[in-house]
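So the protein sequences, as listed, match chains H and R. For the first sequence, the numbering used here gives the first residue as 112, with consecutive numbering after it. For the second sequence, the numbering used here gives the first residue as 112, with consecutive numbering after it.
Possibly wrong hints are sitting among the right ones.
Put simply, identical chains are the same to the list, so a pair is met inside one copy or across any two.
Unchecked claim - Below, computed lysine-lysine pairings styled on DSS-like, alpha-carbon distance capped at 25 Å:
#1 K252 / K128
#2 K402 / K341
#3 K274 / K228
#4 K252 / K402
#5 K342 / K274
Because the hints were derived from the structure by calculation, they are not lab data. Keep in mind that this is a model prediction, so the values were computed, not measured.
Protein chains: 2
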Amino acid sequence: MSTELEIIDRLKILFPKIGDDAEEFNITPGFTPVVSIDSFVQGVHFDLSLITPYDAGYRSCAATLSDIAAIGGRPKVLLCALGMPEGNITLAESLARGIRSLADKFDTEIIGGDTVKSKDLFISLCVIGEAKRIVRRNGAKLGDVLCVTAPLGGSVAGLKTLKNNLTSFKEVIEKYIHPKPRIEEGLILSEFATSMIDVSDGLSIDLYHLLKESGVGAIIHSVPVEKEAKKIAMLMEEKPDDFALYGGEDFELLFTLNRKNLGKLRKKLNFFEIGEIVKEGMRFDDGREIKLGGYDHFTKVNSKIKY
Amino acid sequence: MSTELEIIDRLKILFPKIGDDAEEFNITPGFTPVVSIDSFVQGVHFDLSLITPYDAGYRSCAATLSDIAAIGGRPKVLLCALGMPEGNITLAESLARGIRSLADKFDTEIIGGDTVKSKDLFISLCVIGEAKRIVRRNGAKLGDVLCVTAPLGGSVAGLKTLKNNLTSFKEVIEKYIHPKPRIEEGLILSEFATSMIDVSDGLSIDLYHLLKESGVGAIIHSVPVEKEAKKIAMLMEEKPDDFALYGGEDFELLFTLNRKNLGKLRKKLNFFEIGEIVKEGMRFDDGREIKLGGYDHFTKVNSKIKY
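Isolated chain H (complex conformation) (with noise of 0.2 Å):
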């Protein structure tokens, strides 16, 4: 046990600027700033007893770039607001490790902070970033080509890994770890997406989303699983697709494309169409209803849908 004054001196070394006062930042001329909020609780959004703190201010702190990455932007700088139980200086230094180790990966400044007493550990991030273009969720077109940066459901199936033990799997241990918010991948995407969002709440509840704000539907044709999450759901006798579909937390980014891109940007970027714009619903091409469902926070406010 330690007391607050040592566990704020040693977060100070990690983020210099954590006090009380308002921080300046500054924006890159014609670019428009944007802002978003996350908040993470122990026992709700991360399991303690699973991973480590480290990893757990790591993929706080994911979560939230990713959703400056959603619309094509990219981090400038991170504020959080850290609440915990009183004295245990590992544990902080640990978190706000991981925080640092991925802001400082996207080169994302760590201009301020807040540390309270709290029972349940809880973290709040704030993150401004910058966009030349911003891409909404609402912009996709009849026609377009739906697609997504890379096959979905290892980061459920890392979750699902590491509450069974079965440690082999490291692949998708790494992706629900470490999961990277696809940044450089949302600015490539800025120039050529109609519509975008990030797959947080898995694909079904993200598409959705993307569907209603738009005022479309779509069919999908293929349903691109991640590898070893494949393995494991044969393992668990579950099907790869509802990985993908209900899973979440991969952070892919999921956007439509007017069809003339398509060979443009598969020069700059990696990506897997998996479907099309329609009039209306949410469909796989033999016909079947894709129903919604994620991964069940309770709490999220996108993962509450009304049928």
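We have chain H; now place chain R onto it with these hints.
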């Protein structure tokens, strides 16, 4: 008890842009963008057995906006992450109404949020503002006068009043439950002040920060104490000065000023001259040293000071 979906639907009325995408905002050309984050936890920063959820939201928002006032800025947009036990729609709505009510008073738009489940109720608020000239804590100069925007101690007196059920002291209760961030005052002061901070942890601690960062000392001639707070101190056989020195959460502005600007500022703003900047130390003019201490959150970064 209500479903999470109902809570979100209700919150959407108050926070229309709550959701998971990053949201854009504007900064006035010629102004510098500034940002601050704060967290508030039930049982630590507010007590719902003493105040309503509306008031908890209101005062949390006031404390957050005060961080922008403290540097001479104007708040522009607010993001709110709410962690709370499942199902209490009345609590969620009341909190949100309190936050919205204070934000509206300062034309601060709520452009994003996140709602998550947690055992503790917590609020994380991130405010983005803009400043023409940022006034920092570190600019106090030898010979400057030390001033404060209003008498102090009202807030802690209000809290003590509530705890002891002395409900006839309406002014300090109002000061505690509905503090006013000094935005307009901060904007005026941004033209004149050499250094500034908001009194959030008590005059002694906040003055200590200002002096430490400026590399100077101060002599205090008089500590202005709020009228009702004086009465309550007498009633409770406590020293009125201690309410101001160690009470905190008044959110008045403590600032330094070149003496030649006193007259000019008097024409624009009411304020109290309380002392002057000297080479070192933190003393009353009778030589008594000012001890450090503060209203004990246990948790706030800046209430933990090395002696």
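For each hint, the structure was consulted:
no.	hint	verdict
1	K252 / K128	between (44 Å within a copy, 23 Å between copies)
2	K402 / K341	within (20 Å within a copy, 65 Å between copies)
3	K274 / K228	between (29 Å within a copy, 21 Å between copies)
4	K252 / K402	within (22 Å within a copy, 67 Å between copies)
5	K342 / K274	within (16 Å within a copy, 60 Å between copies)
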